[in-house]
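*Asks:* Here the protein sequences come in this chain order: B and R. For the first sequence, position 84 matches number 84 in our numbering, and the numbering has no gaps at all. For the second sequence, position 97 matches number 97 in our numbering, and the numbering has no gaps at all.
Heads up, some of the hints might be wrong.
Covered stretches of chain B (chain R as the covering partner; in silico rule of three or more C-beta atoms under 8 Å from a C-beta of chain R) [to be verified]:
hint: 1; stretch: 92-103
hint: 2; stretch: 111-122
Selected chain B positions facing chain R (in silico; Cβ < 7 Å) [claimed, not checked]:
hint: 3; residue: Gly63
hint: 4; residue: Trp107
hint: 5; residue: Ser148
No lab work stands behind these hints: they were computed from the structure. In this text, a Cβ means the ideal position worked out from N, Cα and C, and glycines have one as well.
Listed below, chain by chain, are the residues.
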Amino acid sequence: MSASKTEILIGAIARLLEGSRSVVIGNQSPIPGSAALVARALAGGALRVTILGSRRHTDFTNGGVETFDRAAQGRVDVFFLGGGQIDGAANINLVGAGEYPRVDVRWPGSFGSAYLYFVVPRVILFREEHTPRVFVRKVDFVSAPGTSPPGVYRPGGPWKLLTGLGLLAFDQARRRFALESVHPGHTVEEIVANTGFEFDCPARVPTTPEPDPRVLALIRGPIRDEIAETYPKFAAAL
Amino acid sequence: MDSFCDLAALAAAIPDGATVAVPSAPFGVAMAATRELVRRPARGLRLVCVPTSSIQADALIGAGCVAAIETSAVSIGEYGTGPRFAAAAREGSVRILDATCPAIHAAIQAGMKGLPFIPLRGLLGSDLVAHRPDWKVIDNPFAPGDPVVVLPALRPDVALFHAPRADRHGNVFIGRSRDLVNMAQAARATAVTVEEVVDDDLLQDPERAGAVIPALYVERIALAPRGAWPLGLPGRYAPDDAALGRYAQAARTREGFASWLAAWLAAAPAAERT
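Please construct the entire structure, taking both the sequences and the accompanying hints into account.
*Replies:* The following block contains the structure:
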């Protein structure tokens, strides 16, 4: 059986996590959570995976504040952020669409983004919905900026952007995304048409590889069982 | 101990206009006590969500109990943005102080230490700072040329939360939900509901005392079995996803919320035991 869309995303994230030592998964993130558990299995356990909301995969004993303290000390290599809007300079908006504060559409809020985007070295932006309403020219509200001027303490920031259509990389110096791969069944033209900002595109864009059989077997076996503790409905649909 | 009272008396100790610190789901949200606040009804509350909230803040907003809310998010888990919170934002009916999780944690920690303010990394260039005149940017006095955001300390009038158990001396066991310790120490008073009251002295067991808030911080305790429902309590019970889903659906309209509220207020506490 070939890989599903979800399995392709899990496989793509697991590849990005190769070589990392520590990853924290925020709330409501079953695909990054599954990918982190796959990456840990592939690394023979040499990846510390913390899944917020899971008892089994959380080793914090100092409350919610410890997530941020740990990240501030450089003990977290990778974190995932999303957004109701993301623009071409990697600014993210988790607050709402329209003019703040009386926005037309209100989203939950910025959570820890305005901090973790600065202190976690490799932030992966993950948003499955790849449409012009998400990927806008300029966000209506900056929950967290993609880049900072010289002199601002910022060991971290955006590294990759993974969507339901493709994978892009962020260039901090040029403040631009570049397309790295297109998922099977999709095209560069489709990504251009569904992205409200300009990005760099090489002459030939590779296809995002499908997970190899070993990774697929992990996803459909032990990882499905492990992620079910935190995301039972997601695991049942895998 | 005279700190023990019933739910209505516990809610009565939180006056209208009070600044009330509440924890995130599922780390001990006092929903049964929240219902008593709505029943009163409380007015003009200033919620400080440490650092986010769910159905608690949303229902209090919908019921007209809230004048202002400081939060990093109001989300009914997988059901998305709190519907009454979103409506209040659109209408401008509640003052919303948007924050980010570590900023609220840090301001609470400043409060518990008696500090006037606390610096925090990150934040620079975020529109959160632009809309928070109470947050300032200073130059690092130890290494000039390094801008740092500083946040005023939070000293809430009341910390309100739910915990697994208290002993008869008024000590409260919180397990590893350590944010509750910070909230209790930062607040001027603490009101706690518990699943059970035990006879042994929690502070006399050195293997568990580290997970206990001493009675000196706790002004009011009320018994409320399943008092976090429909949210969960770690180690005791899981969130009631079906009930949260029904809330998220109903609260999308003012009328739907009103009928949900009527049913919630009519439910006897015994209903929470099922």
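*Asks:* Each hint should be assessed against the structure and marked as holding or not.
*Replies:* Against the structure, the hints come out as follows:
1. 92-103: Since three or more residues must qualify, the claim that chain R covers the stretch 92-103 of chain B holds, with 7 doing so at under 8 Å.
2. 111-122: holds (count 9)
3. Gly63: holds (3 Å)
4. Trp107: Where the cut-off is 7 Å and the nearest Cβ of chain R is about 6 Å from B:Trp107, the hint holds.
5. Ser148: Holds. Min distance 6 Å.
Of the hints listed earlier, there is not a single one the structure fails to meet.
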